[in-house]
Amino acid sequence: MTKLSWSKNWLGSRRLTLLLAVVLFVVGLVALKADPREMQPSEGGLKLAGKFLHAAVQPALDYQADDLPASAPSFWSKVGRSLALTLRYAIVAMSLALVGGIVFGVLGSRAWWPAVAQGSRASGLLFFFLKCLRLVVRGVATLARSVHELLWALLFLTAVGTSPLAAVLAIALPYGGTLAKVFSELLDEEDASAAGVLWAGGASSLAAFFTGVGVRAFPDLVSYTLYRLECAVRSSAILGFLGIPTIGYHIATAYEDGHLREIWTYLYVLLAAVMVVDWWGALVRKRLSRSKPAREAGSRHDTAEELHRKRPKSWALRLSLVAAMAAVMLGWMTEKQWQSELPKERRQANLERFMMEIVPYPVRQENDWGELWPWLGERLWTKGAIGLHRTFHIGTIAILIAGAAALMVVPFAARSLAGRDPLGLPGGREMVSGFRAGVGWLLRIAALLMRSIPEYILAFLLLQIFGPTVWPLIFALALHNGGILVRLGAEVVDNRTIRAAELLIVQGGTRRATFLGVLLPDSFSRFVLLIFYRWETCIREATVLGMLGVLSLGSLIDEANTRLYYDDLFLYVLMGAALVFAGDIVSDLVRRRLRGPMVRSSAFRSG
Amino acid sequence: MNTVLQLADVEVSFGGIHALRGVSLTVEKGEQLCVIGPSGSGKSTLLGLMNGRLLAHTGSVHVFGQDVAALTARKLRRVRSELAWVPQNLGLVPNLRVLQNVLCGRAGRVGFFGLLRRMALTSMNEAEEVRALLERLGIPEKLYERTDTLSGGQQQRVAIARALYQEPAAILADEPVASVDPGRARSLLQLLTTLAKEEGITLMMSLHHVELAREFFPRLVGLQAGKVIFDQPASETSEEELRELYAVGEE
Numbered sequence: 001m002t003k004l005s006w007s008k009n010w011l012g013s014r015r016l017t018l019l020l021a022v023v024l025f026v027v028g029l030v031a032l033k034a035d036p037r038e039m040q041p042s043e044g045g046l047k048l049a050g051k052f053l054h055a056a057v058q059p060a061l062d063y064q065a066d067d068l069p070a071s072a073p074s075f076w077s078k079v080g081r082s083l084a085l086t087l088r089y090a091i092v093a094m095s096l097a098l099v100g101g102i103v104f105g106v107l108g109s110r111a112w113w114p115a116v117a118q119g120s121r122a123s124g125l126l127f128f129f130l131k132c133l134r135l136v137v138r139g140v141a142t143l144a145r146s147v148h149e150l151l152w153a154l155l156f157l158t159a160v161g162t163s164p165l166a167a168v169l170a171i172a173l174p175y176g177g178t179l180a181k182v183f184s185e186l187l188d189e190e191d192a193s194a195a196g197v198l199w200a201g202g203a204s205s206l207a208a209f210f211t212g213v214g215v216r217a218f219p220d221l222v223s224y225t226l227y228r229l230e231c232a233v234r235s236s237a238i239l240g241f242l243g244i245p246t247i248g249y250h251i252a253t254a255y256e257d258g259h260l261r262e263i264w265t266y267l268y269v270l271l272a273a274v275m276v277v278d279w280w281g282a283l284v285r286k287r288l289s290r291s292k293p294a295r296e297a298g299s300r301h302d303t304a305e306e307l308h309r310k311r312p313k314s315w316a317l318r319l320s321l322v323a324a325m326a327a328v329m330l331g332w333m334t335e336k337q338w339q340s341e342l343p344k345e346r347r348q349a350n351l352e353r354f355m356m357e358i359v360p361y362p363v364r365q366e367n368d369w370g371e372l373w374p375w376l377g378e379r380l381w382t383k384g385a386i387g388l389h390r391t392f393h394i395g396t397i398a399i400l401i402a403g404a405a406a407l408m409v410v411p412f413a414a415r416s417l418a419g420r421d422p423l424g425l426p427g428g429r430e431m432v433s434g435f436r437a438g439v440g441w442l443l444r445i446a447a448l449l450m451r452s453i454p455e456y457i458l459a460f461l462l463l464q465i466f467g468p469t470v471w472p473l474i475f476a477l478a479l480h481n482g483g484i485l486v487r488l489g490a491e492v493v494d495n496r497t498i499r500a501a502e503l504l505i506v507q508g509g510t511r512r513a514t515f516l517g518v519l520l521p522d523s524f525s526r527f528v529l530l531i532f533y534r535w536e537t538c539i540r541e542a543t544v545l546g547m548l549g550v551l552s553l554g555s556l557i558d559e560a561n562t563r564l565y566y567d568d569l570f571l572y573v574l575m576g577a578a579l580v581f582a583g584d585i586v587s588d589l590v591r592r593r594l595r596g597p598m599v600r601s602s603a604f605r606s607g
Numbered sequence: 001m002n003t004v005l006q007l008a009d010v011e012v013s014f015g016g017i018h019a020l021r022g023v024s025l026t027v028e029k030g031e032q033l034c035v036i037g038p039s040g041s042g043k044s045t046l047l048g049l050m051n052g053r054l055l056a057h058t059g060s061v062h063v064f065g066q067d068v069a070a071l072t073a074r075k076l077r078r079v080r081s082e083l084a085w086v087p088q089n090l091g092l093v094p095n096l097r098v099l100q101n102v103l104c105g106r107a108g109r110v111g112f113f114g115l116l117r118r119m120a121l122t123s124m125n126e127a128e129e130v131r132a133l134l135e136r137l138g139i140p141e142k143l144y145e146r147t148d149t150l151s152g153g154q155q156q157r158v159a160i161a162r163a164l165y166q167e168p169a170a171i172l173a174d175e176p177v178a179s180v181d182p183g184r185a186r187s188l189l190q191l192l193t194t195l196a197k198e199e200g201i202t203l204m205m206s207l208h209h210v211e212l213a214r215e216f217f218p219r220l221v222g223l224q225a226g227k228v229i230f231d232q233p234a235s236e237t238s239e240e241e242l243r244e245l246y247a248v249g250e251e
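Which chain is which? The protein sequence lines are A and B, in order.
The opening residue of the first sequence carries number 1 in the numbering used here; numbering runs sequentially from there.
The opening residue of the second sequence carries number 1 in the numbering used here; numbering runs sequentially from there.
Honestly, the hints are just simulated from the structure, not real lab data.
Every value quoted in this text rests on a predicted model; they were computed, and no experiment measured them.
Please note: incorrect hints may appear among the correct ones.
As the list claims (entries may be wrong) - Facing chain A, according to a computed beta carbon distance under 7 Å, are these residues of chain B, among others: (1) Arg80; (2) Ala84; (3) Leu115; (4) Tyr165; (5) Ala169.
Each residue gets a CB set at the ideal place from its N, CA and C atoms; glycine is no exception.
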């Protein structure tokens, strides 16, 4: 009996989880042959870092070069145009991703099955069909998001050439997949009791699902969409590293020209854009989760019309809706030419050549698929295997560092512990309380900055300082994800009322004791849940960071691309997708187990 | 045709556990009856059978004279649109206005697009109709409030307004007052039984509180371990019978 429950709850066992983390960390370091001494930057790197930090406090306000032709646009119009382009691709891509996300998200959720199947006599067959449909839909969504947006972009660019459409599709495909997956989860976790009532009152399954579940989940769906919009702005910026003239492109060229101060201008502009979207999302979330009271309260003698006039309404939400629609329309309409500038025949020819050249070379030569296996084996067991396991370890080590750092920072960053009154209980006067609040504030700002800079740009900059080892990649991933984990972890601590923790404070316990003794053990599985959730995205990101020149799948892809070996390119992209796909499934299983049995829409069955 | 509901020798089991065994029950139009019994005695299951949320494994369930198990999906929906349901957790959509939640009551009659139109573009006539209904329940000024800003007692009134707006032949309510204090529970039951009587709506309810059941319902059905122990006028139900009904857990 004990053995059974032990094996079932092995994930809940803190000791085992920690042991596993340490083992993975050490194995990863050994496998990567990552020497901590390599962390030391070279002399040139140090000098560059100094110059770079110096440039941070004085970002360029004009071109750093003085030998520009008179016809060149002004510096700020160039910055403005790159920002507009970054935002436009992000917004247009999100509008496409949202349509796909809604369709696939609804089809991939379980929540609407009972409504459909209960009214029908052929329940068994229907359920089987729905199960298959759901698997296919979720498989397609997962596949779309398994390939990183940079890799989609690379495939599109090589297939049809540089074009705004390629950039937009490269973001829209994986984002659509992610939205679909998360939407399904949100719909499935939503309380379906209202849908149950409507359905029991004779409503069609569609009406019951839409009003009872869809409307109810709406605030969560919007909130997540706005978070993804923030991510899309970052993704759009880094597409610049492939030559699409968004902010990343200007950062890369400014670096090549040695204009460090211009880099900072672009970085600050990107940060500002990301933070504005973040702030907007927070505002909408707040207004959607609870309405402001009406200015004038209705009275019981009012007619419906008078009550309608006095009803509570949110201008912030209305303006947001109008602004969002306007932004999408502007984004679609201001692009003069979505397709590449090449004539149609050339594009067609390019595409045909690409489709032919992704067929493995020996197969193409001999026209015999039997030639595939030696070709495949040669790549899989040599370079491919090395790239694959290195990618895996880079992602895993990074998330372990990020997780450990976040756990140490969370007690100092969480509002409920960093303020004067721990957990809202009177803390009494204290010399350090202002200092403590200040540290908390600084940590939260630092976390915000860290998660606002795309990993790819972080890695690019760190590589110049530390040289081409795995450490810059690991640090870039750890910094970005650490920022996210600190925020999510602080939310876990802040949003839970734990009586035991309050009791400890009331009895005179310190904050540290409360965190280590109660909050950490209590929220442990939540923390692990978050770390697994970010682990999967970390692996996904690790598949492309290698493109900056550190041996892993990304560097193999980059190498194949430079040599125009499209068959190799395609193979390594597929290997990356397989790795992310596997990580996705593992992470899903683990999270489901940690979360306990999923809340099914049982309202349809019983009271 | 005055029989609203007829259960004949019904058995229901979940995974080998008998929730109901050999239950027979007839409910006439306009009747008000209350199902009482200890937790797990099958009260919710019994109510679930009545609007076809659950199907009987053996025996038959007739609603308005029609065999529920033999109905097509379309006909079953039509039968259900005559039956309003008020579950214990009320099943309101918290982020909708009170008006929209009440409008949902007619989802079974107006179809999906009719419902969408009414919720998105409510005409003043419809709003006035809902306001008048809310006035009877004592909360007319809440018409345009977001439902989750209302107190628990007010939300129960919204759920009842939704049920009445459905214009049903019968209302099925599963422990609707389980989460409010005795005073509020009493005034709510008073309201519901009076309104149901005025409109000629049949009312079937399950309750934990035997006292409340005796006070407001003329007919009591005692359930114990899935069996009907008694089915009689409340005035004829003795303390002894009630003690025996609830004695099961203490053995």
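Would you settle whether the hint for Leu115 of chain B is holds or violated, based on the nearest Cβ-Cβ distance to chain A being less than 7 Å? Status holds, d = 5 Å.
For the hint on Arg80 of chain B, does the least C-beta distance to chain A fall short of 7 Å? 4 Å, holds
So, as I understand it, the hint says Ala169 of chain B touches chain A; can you test that by seeing if any CB pair is closer than 7 Å?
12 Å, violated
Less than 7 Å between beta-carbons is the criterion; does Ala84 of chain B satisfy it with respect to chain A? Hint holds; Ala84 of chain B Cβ to chain A Cβ min 6 Å, cut 7 Å.
Restraint check, 7 Å cut-off on beta carbons, for Tyr165 of chain B near chain A: 10 Å, violated
The structure is inconsistent with the numbered hints 4 and 5, although it conforms to all the rest.
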